[in-house]
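Asker: What follows is the residue order along each chain.
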Amino acid sequence: MLSGSRVELSRPVSDEIRKTTCYMCACRCGIDVHLKDGKIRYIEGNRDHPVNRGVLCAKGSAGIMQHYAPARLKAPMLRTGPRGSGEFREISWDEALSLATDWLGDVRRTDPRKLAFFTGRDQSQSLTGYWAQQFGTPNYAAHGGFCSVNMAAAGIMTLGGAFWEFGSPDWDRTKLFILFGVAEDHDSNPIKIGISKVKQRGARFVSVNPVRTGYSAIADNWIGIRPGTDGLLILALVHELLKARKIDVDYIVRYSNASWLVIDAPGSADHGLFARDGEGRPQIHETVTGLIVPHGTRGARPALSGRFTLPDGRFAIPSFQLLAEEYLDPKYAPETVAAETGVPAETIRGLAAEIARVAFEQVIEVPQPWTDMNGERHDSFIGRPVSFHAMRGISAHSNGFQTARALHMLQVLIGAVDCPGAFRFEPPYPKPVDEHPKPHGRAEHFGSSQPLSGPHLGFPRGPEDLLVDEEGRPTRIDKAFSWEAPIAAHGLMHMVIANAHAGDPYPVDVLFLYMANMAWNSSMNTAGVIRMLEDKELETGEYRIPKIIYSDAYYSEMVAYADLVLPDTTYLERYDCISLLDRPITEPDAVQDAIRWPVVEPDRDVRAFQSVLLDLGARLRLPGFADHLGKPLYRDYADYIVRHERRPGIGPLAGFRGSEGEKTGRGAANPDQLRRYIENGSFFSAHIPPEAQFMKHANRAYQDFAVRMGFFDTPQPVIFQLYSEILQKFWLSAEGVREPVAPEAHRERILKAFTPLPSWYRPLEEDGIDRAAFPYHAITQRPMAMYHSWGSMNAWLRQIHTSNPLYVPGVICDEVGLQDGDWAWVISHHGRIKVQIARSDAVNRDTMWTWNAIGKRGGTWGLDPGAPEARKGFLVNHLIHELLPPKGDGMRWSNSDPVTGQAAWYDLRVRIEKAEPGEASEPRFPSIANDAEAPNELRYGQEWSQ
Amino acid sequence: MTSLPALPTPKKLGLVIDLDVCVGCHACVVSCKEWNTGGYGSALSDQQPYGADVSGAWLNRIHTFEIMPESGEVVGEAGEARIVHFPKSCLHCEEAPCVTVCPTGASYKRLDDGIVLVDEEKCIGCGLCAWACPYGAREMDLAAGVMKKCTLCIDRIYNETLEEVDRVPACVRTCPSNARHFGDLADPDSDVSRMVAVRGGIDLMPEQGTRPVNKYLPPRPRKPLAAGTSSLPKAENTDDAKGFLAWLDGMLDRI
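Sequence lines, in order, name chains V and U. With this note's numbering applied, the first sequence covers 1 to 946. With this note's numbering applied, the second sequence covers 1001 to 1255.
Fair warning: there could be bad hints in the mix.
[What the hints assert, rightly or not] Using 27 Å as the maximum straight-line C-alpha spacing, the simulated DSSO-like pairs for lysine-lysine come out as follows:
#1 K1088(U) x K197(V)
#2 K1011(U) x K1088(U)
#3 K752(V) x K663(V)
#4 K331(V) x K1088(U)
#5 K663(V) x K631(V)
#6 K438(V) x K872(V)
#7 K331(V) x K752(V)
#8 K1242(U) x K197(V)
#9 K872(V) x K834(V)
[Stated by the list, open to error] Some residues of chain U that are not near chain V, with every Cβ distance over 10 Å (derived):
#10 G1041
#11 G1051
#12 A1052
#13 K1088
#14 A1144
#15 R1173
#16 P1176
#17 G1201
#18 D1203
#19 L1204
#20 P1206
#21 D1240
[Claimed, not checked] Residues from chain V shown here face chain U by an in silico Cβ test under 10 Å; the list is partial:
#22 P190
#23 A217
#24 E346
#25 I348
#26 R771
#27 W796
#28 W825
#29 R892
Calculated from the structure, these hints are not laboratory results. Just so we're clear, the structure is a prediction, and the values are computed from it rather than from any experiment. Glycine included, every Cβ here is placed at the ideal spot set by N, Cα and C.
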């Protein structure tokens, strides 16, 4: 046989490589886009990029099919038929923007609350938030409220930083990695690279997840926990570690508030608050002198237990004693929690033993001297190489905030935060709660034609910072920062449509959404939300939610419910900045940010949403967007990225600042900045000095570095808050002993959820329904090859997940008489769906699950109405109500975490019954008319075939 | 009928796939499709790409199995179902039945590196090779009417316009969990051969007598969190917080 001669072996791949940043998910990998004959030939991972180091996932490699998908919107559209009909006419951008300006301008003049502006896919929050603030509506947030605010809020309130994008396991050093449920379509390449390193090094990988797919499939140990009980498991681990004395006492004394004295005066307004001196400094009991002195007093040896008399005669106890007493209680013993969690006691003991063994017997040392904030010099960084990572699996429960708090407490107790081998902070984190703004949105914060007086989102320090009126009623449309969701740091996007429809707390005039599929997979109670969007006022015949402006790149279900559609570009046609002011791509050892730039030009009449927002801002003459004559301050988003300054010298991008591009972090705007980024592969990376790389919360060199970079203007060290005074303030309000006093109807919920030490309670839906009538859990998982709903319009990705069966544990199948391929009714307190099942045993025995957001509505996403996604695919959203079942008092609370308002997607309880065989899942919805022209066959790249 | 090389090929280029770290993410699957649809031979077509009965030609697919280890098979895992993600593409067999069955000489095994290829100009799309392959590793391209299969990215691995580090198959270059390795399995000192030796790499369906070049590394033995081996010492007086706080005082004295 011939060899070689039949094949051309060295054909050049492409004419040109353009390096930009992927946006097939939130991972933000560097990509090399190969262009040939003006078309995209190939997209591969950028080997120099710090996020993905050359690798790329299925989604990233399918970017070609995302870019050329027939579902792309082509031009601005104005609705002509009824909402949901899909009847539109194309209009010019000028007409679209004039109309939007009229609608928004009216609202701004008359009552700025009547605009609700919420963004889904949002990595430009520093722009969208700024725009909303200048507009002056109190009703702005991104989608964190239905994503992972529990994780963010608990992390920031406990450690000053969270998992997810603000920290990372020390993949190169960890010896025990414990992963709680994460969305496997997010941050996926770093996690895959990391898990592989851990396993190939022989370190242990433990996965706590009801479902054994994806990462869990390769875990050394899989703990198939019952959903919503992770907090109880974690507190049992804490119980075991305390009992075995396996805690790092030195670490908690130095870096946490364990020694801070807690006032012991039950029934008084400051019971359970920290004893403070006249300057507000928390007090400790010094054991050598027996004096009460401020925390941080040099040379002080604080007590961690005892009952001491304060100068004012009251008693106080170190917070750590309260912690020890709480978690040594037998209610947290492994035997006690085994039944509730579904995890055998011996597994819990074994895990605790392994944590203790690795943390205290496998200590590692990085021989790098450093100086702490007290000026004490240390010879090296001591590492307790136990690392954790978690996200939605614990976050999307109504007890998720306290569960995340519990996990962070466990990390602190074993001395495994930001040390070698543990979870490590990524700049600009850690950042103490006090460096975050308080929320703005009370009546005194806004008014006609004026900006909001401060940022919308932040952290209340106590009930006095809530956004409520004098009667305690919410001032925001989503009721964020009200008694119903006091620490709703990311807002409650999942409640906006329901509240606006109900006029509770008030109706809105314009609903303005960006890439959030609220008419489908991003809403609970999807059918109900569709009805709310379609509902009209009896008297006027006008829609209850009168005007909906929506921007998206693709024909999603939500497009069909918009009145005015502003078509966005694909990720390859736009500028973006992945900014330190927003959700950066930093790593524990380096400060990093990145850009996107138009590597191909749009071939349709579409505009990048961020540029459109700047244009609207100028047309509305918002401060910061137009000068006093109304002239736009920025040409487009690229211009804004380069020239906008949030504080002097601090702009969206940290790299290549200064007139010569020589400055990092702080520096004048550089007109050449974007070119410098592009030349550098579309990212910027500045190494953190070795002395500053660990213990950032207490490291002098890091704090100085952070000030130089412009994260802060003065050092902001963090003391880990094992005991939360903020939560205790709410608790006291609910007790009725501290002003402002919580309204009666809210007290029970607050007393249960706002414990100052991490706690566990049953998820609220499970607690509120008849458990016997709904004995099982139903949850979703994220397939690695899809990102939310944004994969089904992709010809390649949809072949991997064309429809989604419901995976049902074998024991349930046997009980109910179900076999693989049967159809079944799944029933919740709210609704029922008919779906096809598949039997599985690699799952918690009480839990059924399916892939997230594969089900589509007929006619959307450029798909044939008969596509399997629309016929057999389904959403569990139909089973989940945005409100909890009514209780005795007739009140219905939002189906959310009572602390943060995080949507409790995973609290769902169901039963299952065999159904008649079917052809299609139920409920069914009429198809949406869509004239997208889709080819019957694709031969992508045929012109290049040899 | 087509002949295989008479002598063992001097090189046996192939893949080593590590089932211990494959998470089933499909990165290799899509990168393969993306590279090859614009590369060797005709495009990898998709039929009804946005329709009710979508299908397409792929050179690499991941199969997901759920298995229930029986007692004793895997320590600590008996009776606990597990998921195995199993990537599968052409294994470039030494005794490739797809080659010998080919009536036109389109399917052939290269003499110098053992890569099995299809010469699409000679392929008549009869499908005999797909029928003969026990692994189901070949797929007919319905638009071109020719058989498609893994080429080991022959237009990458020898491509002098690429940097040397990139002269590996697309699936190997892109794999985020480092589960795919490329090299010469005829060379006992190559990285891939060593990996196979150390990890006990296996042939897929050896009873078929195809002598596949590609190897699979089985999952490493797992280490149970067995309570019996618990190293957690039980301190005295653990009934309540008192004993703990006394211990704590002692610890504080030592700091």
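Asker: Can you list which hints this structure breaks, lowest number first?
Answerer: Hints 3, 4, 5, 6, 8, 10, 11, 12, 14, 15, 16, 21, 26, 28, 29 contradicted; others consistent.
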